Each structure stands twice: as structure tokens, then as C-alpha cells.
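S.K.: Sequence:
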Amino acid sequence: MGCVTASNAFAWSWNDSLLLATRTPVSKARPTVRFGIQARFLGVVLAATVLTLVLLAVALSQQWRGQQELAAIGRDGMRQMVEVGVRQRGEALAMQLADSLANPLYFFDLYGVGEIARTALKQPDVVYVLVFDPEGRIIHDGSGDIPTFGQPMSDDFASEAIVASSLHVQHSADLLEVAVPIRIGDQLQGGARVGISLREPMLRQEVALDAMSTRSRAIAVDSLALMSVLFAGLLTIAAVLSLMVSRGLVKPIRRLAEAAKQVEAGVYQVDLPSHRGDELGELQRGFLRMTESIARHEEEVSRLAYSDHLTGLPNRLAFRERLDLRLISAHAEGASVALVCIDLDDFKRVNDTLGHDAGDEVLEQFAGRLRQCIPFESDHHAQAARFGGDEFVAVVGGVDARGAAHQLAEAVLNELQKPLVVRGRQVYLGASVGITVFPEDAQQARDLIKNGDIAMYQAKSAGKNCLRFYSRAMDQAVGNSVALEDALRGAWDRGELSVCYQPIFALANRQLVGAEALLRWNHPTLGEVAPTAFIEIAEQSGLIEQIGRHVLLAACEAAQRWAEPSQGWVNPAGAPFVSVNVSARQLRNGELPELVATVLQQTGLSPARLHLELTETAVLGDEIHASVQLARLRASGVKVWLDDFGTGFSGLSHLRRVPVDGLKIDRSFVADVLQDPDDLALTSAIIAMGHSLGITVVAEGIESDAQFAILRERGCDQGQGFWLGRPMAEIALREQMAS
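Residue numbering for the sequence shown follows my numbering, beginning at 19 and increasing consecutively.
Calculated directly from the structure, the hints in this document are not laboratory data. A hint or two may mislead.
[To be verified] 16 Å max Cα-Cα, derived EDC-like pairs, lysine to aspartate or glutamate:
#, residue 1, residue 2
1, 366, 297
2, 482, 465
3, 482, 546
4, 657, 631
5, 478, 379
6, 436, 363
7, 269, 289
8, 468, 554
9, 269, 240
10, 657, 690
11, 478, 364
12, 478, 409
13, 279, 289
14, 478, 363
15, 482, 364
16, 482, 363
Treat the numbers as computed from the prediction; the structure is a model and nothing was measured.
Please model the entire structure based on the sequences and the hints provided.
M.R.: Right, here's the structure in full:
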């Protein structure tokens, strides 16, 4: 199909994008405002009022309790003061009686004793005065006829008063007694007892307490009145504030909310007053400016949201929405739609060699060519988009969508046969194209895109720069790949993976000089799994790094055993070497030199007897990084070989920049070296080029005596193949070495 240059060939214009971006928004249930600012403010005021009432009640309760406690403390204090005063008075009166009664009592002068006792009885609150002898019999009670004279004292205080050796105080609820012994020298003459009433002092105390309580209650009433006034003032202030909040804050905010709803619905002409000079006025004016800005930039925002900024093509989001609409329409009409997934091959090489700016220019040029290849016939309705990176996609409809998609893919591949000119340099790129069709392959857009990606990656696996149609078998292949990856995890620990060795011979004398370590997988149910089936899976999943460490360690341990005296080597340094394949991922992670050094130290293997094989494409993908890593390996004494030489971007300049010790001619050249003169010439040229650089040349895939002879004739240094020796277990190889 030829390419057509026409601006209207690209059927999906920006009007379609803007239509998608500005279509009427789907109404969504918005939460109703159940508790607005005013309601919340009133709630806060009510809560504050209730809290104030509670605090007021607590304060009044505390005040009442404080008054009660204060009254109790005052009562106790005053009682103690009364008791102390009465006691001090009683003690003084008793001591005075003891001094006054000593002589009259000694001379038993009842008249003198009576005068002194009656004088004491005349004191206020003195209830009784008793003068008694040492045996506790009453001598005088202050009366005129002394009716109790000579009678023993038998009241409650008598016993302690008789035996008191010094001033002794006793009291009851309404009486305090002070007893004192009366002595002349050491001679006890008797004693005196004075009883003082506590009723009168207590009555005076109660009167004072009642007066204090009355005053306290008056203060409490005054405090309650003051708090009530303050509370009423608080309610008034809250009401005024509520009114101000309602009119000055809530209503303007509600108007702003209504205006925001209009803007959300796409109506940008809103009516808001902007004359206020406060913060709300600033907010309203800011909202109006924001609305105007949204209206100005809506088209630009829509364009950015649905456009790829680099190529101008619709982006993934826009294409996905358009594809959904196309599928809905096709389903209703019973039509078919084809999806074409395009991925540029080796685009990373452009970024790495020419820079990312040049890579962006390549993408722009390819997008232009893709537009040219879109058929503009109205029955196809083709559209294209950039999904990201170097991945593009196109959708084709019409009566024969499958055929139109095939024509589009062929046109894209043909266009890429022409070089892209970037900054004066010609860049050649290929593309891997995957095609899937609705409704045969999938019903949903996401499944259709997934199937297109699967088909595209199948095209890459098939050698790139080609197209593949999606099939159910591809899904099965992807499923098998995932299952193999799961089974491969832990396969080494389970003993399913093993290492065998294919001998390498010097072609000049056919002497065994080394062996290549080859990984084999014996699955418990699948049996022997081909290395081509699981090595790539291990590489893609990252398992190759873990498995590679195990293989390197096992191979070095085996090579160390080959140099044992039992093998017949007088000089262990001359024992056969072992070559181990290293993946591109192991080389890129930067840890390969440290890993090799650790394994050599653990096994004791001489570095010169370890050869590391790296594919040409892995080394040349990032020459600078590879050169640094390989230089470190070679400096340690390890040999580096370039595997599958001739299948990548071979060239003398690459070999000069990448330090290697040997190269292995790919088996595809050796296979036809007898029939194809070009292969023989290329093989001879590779041998000569390697020797000119001082590099050992090894031929792979020698399957006959004639191939062996012609390679030896052309000067090839070493070789391996089924004719020389098949891969074998280490034990078999050691037997062959010993024979």
C-alpha cells in the first residue's frame, strides 16, 4: 500500500480531543451540607453554654462545700481555743488554790480552807471546788456546813485526781476539771479539784459561728448573682456573634459554593459581589480571577491532557477513551476493529549513541511518517497515538479491518526502510508490529491492547522488523513462559539444574585444551527443558544473576579438580581451562569483577584457567561500561571471549575499543563454510582480523571432518562441536582427559 500525504488523513483531529475533554460531566452525588458553619457555631455556643453552666454549678458546689468545711474548721478551732483558754484558767486557779491551801490544810484549819474554797467558787463558770485528804476523803467543798465532809470521792474523775502526782486535767463534753496535789516539802497534805463549766464558752462559740455562716451565705448569694449576670452577658454576646457569622460569613460562603457549582458545571459567568474590603472580599475577587483563568486555559489544559507533547499525536489516555467509543460503536453495528501496536527496534541505541535530543527528533520524524501511512479512505476511520517511549498504536476500522491493519503495518515497515536523517546522520530503524482484531480476539479495550502487546513482542522474538497477528497460541506461550519462570525459581536448590561440559580442542594438534560449561534443566514433569526455552526467561526475569553465580562456582570447582595430580597433570597451570557464559544482565549490574574474584578465592582456581564468554550484542550495547568491566577482569588474569561473533554489529573498530582475549565464530557461519563461498570468506576474514589483533579465534558447531580440516587450514586456533565432543557430565569429561 502506498503512503498518502494529506492533513485530513489523520481522522482524529483536535476537535475530537476537545470534545472528549469538554463533554458534559457525569453528575455525581454530592454530599449535602448537613452541618454548616452557622450550625457548627451555634453548636459550639450551645456546648460552651452548657459547659459554663456545668462549671458554674461545680463552682457553686465547691463554694458550698468550702463554706461547710470552713464552718467545721472554725467550729473545731474555736472549740479548741475555748478549751485551751478554760484549761489555762483552770490550771492557774488550781495552782493558786494549791499554794493558798497548803498551810490551812497542814494545820487543818477548816475555816481558812473554806474561805479559800468559797473565794474560788465565786469565779465565773466554776462549778465546784473540792479539797480532799491523801486518802481521797472530802475535807471541804466550799459550802457552809460541808455536808460531804469525810466522805470518799466516787465520781468519774475522782480516781485519777487522787493519784495525780502533778497538775492533772480531765474533761467531759460540758465540764473541765483540774486536779492538783498539795504538798509541804515532800509531805503530801491532800489535793484540790476545780470544775469549770464549758457551756457558756460553747454557747458564745455557736453564736459566733452562726454569724460567720450568715455572712458566708450572703457572699455566696452575691457571687451567684454576679455569675448569673455574666452568664446572661455571655449568651447575649453569643447571639450577636451568631447573627454576625450568619450575615457576614455564612451567606457569602454559600454564594461562593453556588458559584463553584456553576464553574464545575462549565458555567463560568458567575455573579459575585466584590465590593467588600475585608478578607472575604479578597476571596471573592480571587475566585472571580480564578474562574476567568480557568475559562481562558480550559482549551490548553484539554490539549495537554490528551496530547503527546513531543509528536503532537494523541496520548495513551485520549486513545484509550477513543478506543472505548470505537468498540461500543463497532459492537452496536456488528463491525470489526483492528489494533496495530508498533514498537521501534533498537531505539535505545539511538539515545545511547546520538543522545536523547536526537532520539526525540527520531520519534518526531517517525510520527510524521506514521501520519502519512494512515489511510484516509472514510471507511477505515484510522487513528494513531503515541503510548509512550518508542511505542505507538493505531486503530483501523471498516469492512476489512484486518486487511487494512495489515496494509498499514506493511506501509510502516516499508517507510522505515528509508533512513531517518538526524543532525546530518542517517539512522536506520526497524519496527516490531503486533495486530489484534475486535471482536475475534477480545471484547474489551484493555484485553485488545494486551493482545496487541503480546503480538508485538512475538514479532520482536521472531527477529524484529516484522509483523505478527495475535493468536490464542500466543496467550498460551505467554502462560507457558510464566509457568516456566515460576518453576525455574528454586530449581538449582531442588537439584533440577546441573552443569555439563563440552570439550574445546586445539585444531592444530586436536588436543583437549578446555571445556565450555553449559547449563541443563531436568524438570520433574517436563523432562529435559531446552536451554533456548529457559535461558531467555531467566534473563528477562533477573533469575540469571542468581543462577549465574551457582554455575560460575560449580564450573570453577570442577576446573580445579581437573588440575589434581590424579588427573596426571605435572604442571597444574597447564590443565584445561573452563569457559563460562555470562549474561548481559550480569555484565550491566557492575558486580561481575567482584563475583569472579570471590569465586576464584573460594575455589583456588588460577585466573588464567577461567574464560568468560559474553555475547557480542551484550558487550557492544554499552561499550564504555563493558570496557571498564572487562578491563578489570583481564587485569585479574581472567580471559574474556566474545561469543557468537558475526551475528551483531561486528567491526574492527568495536574490537579495538572493547578489550577481549578471544572470539568465537558463530555456528551459522561454520555450518555453511563448505557450501557458501561468502560464509567461507567471512570466516576467513574473522580469523585474519582476530589474529591481527592478537586474539584467539574459536569455531563453534564443527559437525564434520571437512569443516574441521578447512578451519584448521585457515588458521583457526580452537574449535568445538558434536564431531569433536558432545556436552557431557564432569565425570565423563575427566575420564576423557585421563585417557
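S.K.: Any of the earlier hints contradicted here, and which numbers?
M.R.: Hints 1, 2, 3, 5, 8, 9, 10 not satisfied by this model.
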